[in-house]
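Residue strings, one per chain:
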Amino acid sequence: MTIDEAIERALPASFSSRSRQYADLVTDDFRVHRSVFTDPSIFDDEMTRIFGGTWVYMLHESEIAAPNDFEVRRVGRRPVIVTRGEDGVIAALLNRCTHRGTLLCPVESRSAARFQCAYHGWTFTNTGKLVGITYPDGYRESFDVGGHDLFQLPRVECYRGFVFGSLNPEVEPVTDWLGPARPTFDWLVDRFAKVRMLKAATLEYRGNWKFQNDNNGDMYHVPFTHKSTVAMSEARGYRKAFDHFRNDRGPMVVRNFGNGHKMIDQRPGIQSTWVSARPLPGREAYADLLQDRVGEAEALRYLELIGQSGVNLVIYPNLQFRGDRCLYVYEPIEVDRTRVHTYVALLVDGPREVNALRMRHAEDFVSLGNPDDMEIFERTQEALSTAPEIEWVDVSRGWGTEREWQEPEGALTGNVADETGIRSGYEQWRKLMSGGDVSDLRPAGIAPDRAAPVGP
Amino acid sequence: MTDHVPLLEDAPYVDDALYDDVLDFFRVNVAWVGAAVDCPSGVLASVTREARVLDARDYETWLTLFAPRCVYWVPRSDVVGDPRVEPSLHFDDRRRMADRVALLRTRYLHAQTPPSRTCHVISNLECRQFDDDVADVHSCLTVREERQGRTQIYFGRQFHRLEFRDEWRIRYRALLLLGRDVSHGNTTFIL
Chain A
1 MTIDEAIERA LPASFSSRSR QYADLVTDDF RVHRSVFTDP SIFDDEMTRI
51 FGGTWVYMLH ESEIAAPNDF EVRRVGRRPV IVTRGEDGVI AALLNRCTHR
101 GTLLCPVESR SAARFQCAYH GWTFTNTGKL VGITYPDGYR ESFDVGGHDL
151 FQLPRVECYR GFVFGSLNPE VEPVTDWLGP ARPTFDWLVD RFAKVRMLKA
201 ATLEYRGNWK FQNDNNGDMY HVPFTHKSTV AMSEARGYRK AFDHFRNDRG
251 PMVVRNFGNG HKMIDQRPGI QSTWVSARPL PGREAYADLL QDRVGEAEAL
301 RYLELIGQSG VNLVIYPNLQ FRGDRCLYVY EPIEVDRTRV HTYVALLVDG
351 PREVNALRMR HAEDFVSLGN PDDMEIFERT QEALSTAPEI EWVDVSRGWG
401 TEREWQEPEG ALTGNVADET GIRSGYEQWR KLMSGGDVSD LRPAGIAPDR
451 AAPVGP
Chain B
1 MTDHVPLLED APYVDDALYD DVLDFFRVNV AWVGAAVDCP SGVLASVTRE
51 ARVLDARDYE TWLTLFAPRC VYWVPRSDVV GDPRVEPSLH FDDRRRMADR
101 VALLRTRYLH AQTPPSRTCH VISNLECRQF DDDVADVHSC LTVREERQGR
151 TQIYFGRQFH RLEFRDEWRI RYRALLLLGR DVSHGNTTFI L
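So the protein sequences, as listed, match chains A and B. Residue 275 in the working numbering sits at position 275 of the first sequence; the count goes up by one each step and never skips. Residue 16 in the working numbering sits at position 16 of the second sequence; the count goes up by one each step and never skips.
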């Protein structure tokens with residue numbers, strides 16, 4: 001393909017012809033076209049076809065634990081208020097007044113049974129119903145009040161405390177969508193019953209959202225991107241960082257679960273997450289306190305809840321588990337700008353010593369390791385955006401070799417440093433971007449690029 | 001005072017008593033609206049010296065400005081609570097501060113290749129309380145960072161608790177960034 005053809009390809013044509021073109025941007029031998037990371041119009045379509053077409057993680061139910069609690073979030077770029085009604089039912093409402101289009105709720109979280117628009121005072125319940133039009137006499141008799149309820153995401157499901165929303169009314173149930181990723185999801189949740197999810201640092205980089213998604217299923221980059229972490233550990237006389245990963249031969253694996261989901265399974269390489277956790281402020285004092293209080297065996301059981309857990313599970317498109325309900329949630333802002341919201345779960349009724357250490361663990365790699373990842377994402381965005389002569393990136397490592405095998409439970413498993421998991425994301429990207437009828441996500445007659453769903 | 005822990009040694013000291021003391025220090029200072037008190041110029045100069053040393057990227061000297069059982073705390077939330085049940089942006093004891101310095105000194109820190117140039121501007125310097133061997137100092141901090149043709153600016157109000165041991169040293173430094181609860185980019189240089 002020539003450069004001119006590539007540019008032509010990236011230009012908006014009709015919706016259906018673009019669908020066919022999207023299928024060509026991920027090749028059968030697992031190359032991905034640079035425009036997938038650099039083209040703003042492709043990004044706009046992702047916001048509808050991916051972040052509107054499948055399940056998107058919104059929040060943990062503990063963040064809106066009481067009736068009338070709410071949190072403001074984004075589903076892709078769409079602003080959403082996730083509410084818990086008086087009856088306890090969770091709903092996701094587009095944060096847009098149906099009168100003149102104003103952002104209805106500017107505060108991040110609080111408790112409210114109703115939302116009143118600051119512009120002209122229209123009032124909605126936290127289930128989205130329009131219950132108050134100010135000075136109503138000014139409206140004609142036939143004015144459709146019910147048609148001005150807030151737009152509600154047609155599908156919201158809570159799976160084991162994790163609340164997902166979708167703009168696609170036809171999307172499959174969350175349990176089906178998780179598929180073979182579900183047992184790993186359950187394994188993580190089963191490690192401690194009751195949690196309260198807390199916001200931790202939010203990082204931002206100038207690069208496409210898929211870089212972070214790919215990276216969280218990528219062990220290949222670790223010895224290179226994170227060489228500073230390894231060198232620091234050596235200089236400080238600590239246990240070698242990533243000592244369970246010396247090369248690409250070993251018992252650890254990556255898995256492609258389908259539907260874009262993937263994981264790195266480090267459990268076969270890690271004897272103890274507590275032992276391999278970096279020295280945290282308070283490590284010695286709190287481990288001693290806990291041992292004195294509950295005994296050595298019980299203490300160790302709890303201390304294993306500090307650290308990475310050995311599982312990096314990515315639920316496509318926007319959720320990563322890194323350890324025991326330490327989350328990264330990706331928020332796409334622009335084609336070349338992404339936020340990564342990090343969270344850490346407080347173990348409710350868990351030992352206070354363990355929680356104190358979990359808080360310090362949540363700050364550790366985020367500030368000491370992730371900046372190197374983000375620097376690499378920015379360098380990648382820079383070169384992909386400015387060197388059109390080389391059109392493709394390659395994610396084929398491991399494909400077509402005997403290192404990859406199909407497990408009976410449904411996962412495609414590969415060597416830990418292979419791009420088997422990353423390919424899950426691009427298979428799903430191709431499927432969502434090129435296939436499926438998404439026309440029901442928007443009223444007819446509105447251009448697909450900038451369409452925002454309006455009231456039912 | 002001669003019985004203190006050596007300055008660069010990592011004897012762990014973070015426990016409940018320390019958390020309680022740091023939290024008390026923070027709460028007293030964040031609520032302070034009283035009049036400033038006089039103090040020797042050397043007290044205030046310890047805060048501007050820290051800024052100067054960071055701009056020089058002399059991180060080894062930066063560590064020596066701190067007392068042995070020190071904390072460098074950058075809270076994350078709008079309403080700051082107990083760091084034992086709430087994550088911060090940074091809650092560093094001396095060991096983690098020294099880790100940060102070691103990381104900055106490796107040749108492989110991509111996030112600082114090339115390194116940032118910074119100007120830490122200290123203003124509104126005031127002393128809240130002072131006696132012979134302890135002082136709480138308030139200041140406003142502006143950090144302008146230049147890296148690869150891009151500029152970032154960070155603003156915040158910070159509190160230093162200084163203690164006198166052969167010279168004035170920083171026992172606690174708490175930095176309350178204006179943007180503490182929103183996203184931030186690469187801050188691997190030290191704020």
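These are computed hints drawn from the structure, not numbers from a lab. Where is the CB? At the ideal position from N, CA and C, for every residue including glycine. Careful: at least some of the hints might be erroneous.
What follows is a set of in silico ranges between Cβ atoms, one per label pair, in the way DEER data are often shown [to be verified]:
hint : chain 1 : residue 1 : chain 2 : residue 2 : range
1    : B       : Asp55     : A       : Glu334    : 42 to 52 angstroms
2    : A       : Glu298    : B       : Glu167    : 40 to 50 angstroms
3    : B       : Ala17     : A       : Arg110    : 30 to 40 angstroms
Hint-by-hint comparison with the structure:
A hinted range of 42 to 52 angstroms is violated for the C-beta pair Asp55 (chain B) and Glu334 (chain A), which are about 32 angstroms apart. For the pair Glu298 (chain A) and Glu167 (chain B), the beta carbons lie near 46 angstroms from each other, so the given range of 40 to 50 angstroms is met. Checked against the given bound of 30 to 40 angstroms, the beta carbons of Ala17 (chain B) and Arg110 (chain A), roughly 35 angstroms apart, stay inside it.
Violated hint for the displayed structure: number 1, the only one.
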